[in-house]
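Number of protein chains: 2
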Amino acid sequence: MKVGKLPPSLLLKYVLSRLGISDPAVIMGPRLGEDAAIIDIGGGRVLVIHSDPITEAIERIGWLAIHVASNDLAVRGVKPRWFLVTILLPQGADVGVLDEITKQLDRAAKEVGAMIVGGHTEVSPGIEKPIVIVSAAGICDKDKVVMTSGARVGDVVIMTKGAGIEGTAIIASDFKELLLSKGVSTDVIERAQGFFNEISVLPEALALSREGLVTSMHDPTEGGLLNGLIEIALASGKGIKVFEERVIVREETKVITKALSIDPLKLISSGTLIATVPRNLVDRAVSIIKGLGISASVIGEVVHGKGVTVVRRDGSSAYYEEFIEDEIGRLWEAYG
Amino acid sequence: MKVGKLPPSLLLKYVLSRLGISDPAVIMGPRLGEDAAIIDIGGGRVLVIHSDPITEAIERIGWLAIHVASNDLAVRGVKPRWFLVTILLPQGADVGVLDEITKQLDRAAKEVGAMIVGGHTEVSPGIEKPIVIVSAAGICDKDKVVMTSGARVGDVVIMTKGAGIEGTAIIASDFKELLLSKGVSTDVIERAQGFFNEISVLPEALALSREGLVTSMHDPTEGGLLNGLIEIALASGKGIKVFEERVIVREETKVITKALSIDPLKLISSGTLIATVPRNLVDRAVSIIKGLGISASVIGEVVHGKGVTVVRRDGSSAYYEEFIEDEIGRLWEAYG
Numbered sequence: 303m304k305v306g307k308l309p310p311s312l313l314l315k316y317v318l319s320r321l322g323i324s325d326p327a328v329i330m331g332p333r334l335g336e337d338a339a340i341i342d343i344g345g346g347r348v349l350v351i352h353s354d355p356i357t358e359a360i361e362r363i364g365w366l367a368i369h370v371a372s373n374d375l376a377v378r379g380v381k382p383r384w385f386l387v388t389i390l391l392p393q394g395a396d397v398g399v400l401d402e403i404t405k406q407l408d409r410a411a412k413e414v415g416a417m418i419v420g421g422h423t424e425v426s427p428g429i430e431k432p433i434v435i436v437s438a439a440g441i442c443d444k445d446k447v448v449m450t451s452g453a454r455v456g457d458v459v460i461m462t463k464g465a466g467i468e469g470t471a472i473i474a475s476d477f478k479e480l481l482l483s484k485g486v487s488t489d490v491i492e493r494a495q496g497f498f499n500e501i502s503v504l505p506e507a508l509a510l511s512r513e514g515l516v517t518s519m520h521d522p523t524e525g526g527l528l529n530g531l532i533e534i535a536l537a538s539g540k541g542i543k544v545f546e547e548r549v550i551v552r553e554e555t556k557v558i559t560k561a562l563s564i565d566p567l568k569l570i571s572s573g574t575l576i577a578t579v580p581r582n583l584v585d586r587a588v589s590i591i592k593g594l595g596i597s598a599s600v601i602g603e604v605v606h607g608k609g610v611t612v613v614r615r616d617g618s619s620a621y622y623e624e625f626i627e628d629e630i631g632r633l634w635e636a637y638g
Numbered sequence: 303m304k305v306g307k308l309p310p311s312l313l314l315k316y317v318l319s320r321l322g323i324s325d326p327a328v329i330m331g332p333r334l335g336e337d338a339a340i341i342d343i344g345g346g347r348v349l350v351i352h353s354d355p356i357t358e359a360i361e362r363i364g365w366l367a368i369h370v371a372s373n374d375l376a377v378r379g380v381k382p383r384w385f386l387v388t389i390l391l392p393q394g395a396d397v398g399v400l401d402e403i404t405k406q407l408d409r410a411a412k413e414v415g416a417m418i419v420g421g422h423t424e425v426s427p428g429i430e431k432p433i434v435i436v437s438a439a440g441i442c443d444k445d446k447v448v449m450t451s452g453a454r455v456g457d458v459v460i461m462t463k464g465a466g467i468e469g470t471a472i473i474a475s476d477f478k479e480l481l482l483s484k485g486v487s488t489d490v491i492e493r494a495q496g497f498f499n500e501i502s503v504l505p506e507a508l509a510l511s512r513e514g515l516v517t518s519m520h521d522p523t524e525g526g527l528l529n530g531l532i533e534i535a536l537a538s539g540k541g542i543k544v545f546e547e548r549v550i551v552r553e554e555t556k557v558i559t560k561a562l563s564i565d566p567l568k569l570i571s572s573g574t575l576i577a578t579v580p581r582n583l584v585d586r587a588v589s590i591i592k593g594l595g596i597s598a599s600v601i602g603e604v605v606h607g608k609g610v611t612v613v614r615r616d617g618s619s620a621y622y623e624e625f626i627e628d629e630i631g632r633l634w635e636a637y638g
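These protein sequence lines are chains A and B, in that order. If you're matching positions, the first sequence starts at 303 in the numbering used here and goes up one per residue. If you're matching positions, the second sequence starts at 303 in the numbering used here and goes up one per residue.
Bound conformation, chain A alone:
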């Protein structure tokens, strides 16, 4: 099997069909493109829980692990409140590594306003670098919870910040020499590395859902903005049409993706929020996001049908409905 997230065909066959008992309290269980499980706990409330593993550079692994897991609750309109954190360290790791990771976890949990309530820390033989797995939990009113599947025909599609911002930061950090050899300036590379700081979608996602402005939200990870849109379309049983010229692509992302001939729309993009919004609420939604100091663009709309149609600048269009392999995987294969 290939490195990375499991492709949908294997996920359906080996994972999603083997879930133990079927529990009627589970409103949303594991499904392609859905971000966090939703469980009816009675009293008009739901428990929302989610897990994500992170294998990343030590300088950011703990901080990212908390924020990435938090994003998946935030796009449900749920504030993450409690975390379980599993830290696996490679044999020979010194205590400085643990110190660094737990400092980051603490800081990120404070930023989110949540508490680490349990977990497990161990030195594991058989791993080369630290792995941090975070489970996040929160509770909200049942009628307030947002689903990826909630998009309705006529809704407008909004995106924030920029396509591929996480991937841009990863490339700027992990492929710095390659970028320099392709003529990308140190200045651009350093600014691109700073995109990691934009990885939380919590403030904007919670503000939009609190005001009841969204029918669905999604945090596009592997496969980038395009895959995120495909997942909303698939989950909602609708089509999505977007205009390439309206997609935000940051200058640093343009320079870096052009240098490496990769498509920013297919580049991993935690931190970017995709939201579908009823047409009459779009102005308010955009103004709330911008009020938080975050850029936003109306990039298209939800339509009848299925899949995602991207209208290119020249008026031609491209249609996508299959799982998109992330550009960063290609990069690792070519240069990793």
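Keep in mind that the hints were calculated from the coordinates and are not lab data.
Cut-off 25 Å, straight-line C-alpha distance, at most; resulting in silico cross-link-like pairs (DSS-like, lysine-lysine):
hint, chain 1, residue 1, chain 2, residue 2
1, A, K431, B, K315
2, A, K412, B, K315
3, A, K315, B, K405
4, A, K431, B, K304
5, A, K304, B, K431
6, A, K307, B, K405
7, B, K431, A, K307
8, B, K412, A, K315
9, B, K307, A, K405
10, B, K304, A, K405
11, A, K405, B, K315
12, A, K431, B, K431
13, A, K315, B, K431
14, B, K405, A, K304
15, B, K315, B, K304
16, B, K444, A, K444
17, B, K307, A, K431
Given chain A, put chain B in place with the hints provided.
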């Protein structure tokens, strides 16, 4: 740092002091020896959640992961209902490995009567063998939840099944050649391997708590029965006195630990339930456990003071209060 669970000194300094915000809804957060977090969700109910990573042989990793995480909820008197499962596979793993793991997860979740509601499956570079991390969640009435810290002076201490049963099974599986070379018979080894099937404490733990018979329960993992007792003593701020002659040690465990000169009381022992029970309820508690076809023994009592005193067969006694290193770690270092 040494392979295995983090020692208490490092856990206190680097992990338990870095938990993000302090949340008054968290009745029981991360603490030495406590099994699962307890969170007040209002309406007289608590959410109980717990995470555990497993790196084990492929033939049992998925099945064990579900049952081990379930045990930590069960000793709270809480039925596990929902699981998040993260599966990390090594590069080059074929689909047969995934198939095997998810079949086991499905089977174990059905045995427990719970549902896998989410998770993440990926092929990760940098790991040598599969890792499965399970988070378990359940809800119960606040006044019914059981804490490791609930032991009271005068309570009687009960244990089930046998000391070191999990370790016995691991040694019989992973050190088979060594055992044969020490003269242990194939017959004993095969029966010992079967101890894996006894790893769930769910039926007995839930039955005892449902009847309100326990003041505390614990599932002794690393450091074995002795460490489990130390953790109850520490959490409860009491001492525990046990009589070695009353400790159940299965014949297979005796043969195997004697052959390798290891102490069965310090051998990892998931599947063994330790419970403290008010003296007037002991007969009922023991009869409920035995009614489930599970062996049980009254091994001692909760006393004033601290630490664990083991009264040996010859009348001498040994006192323990520090974290016990598991015998299986020594074995891996010597022969692994």
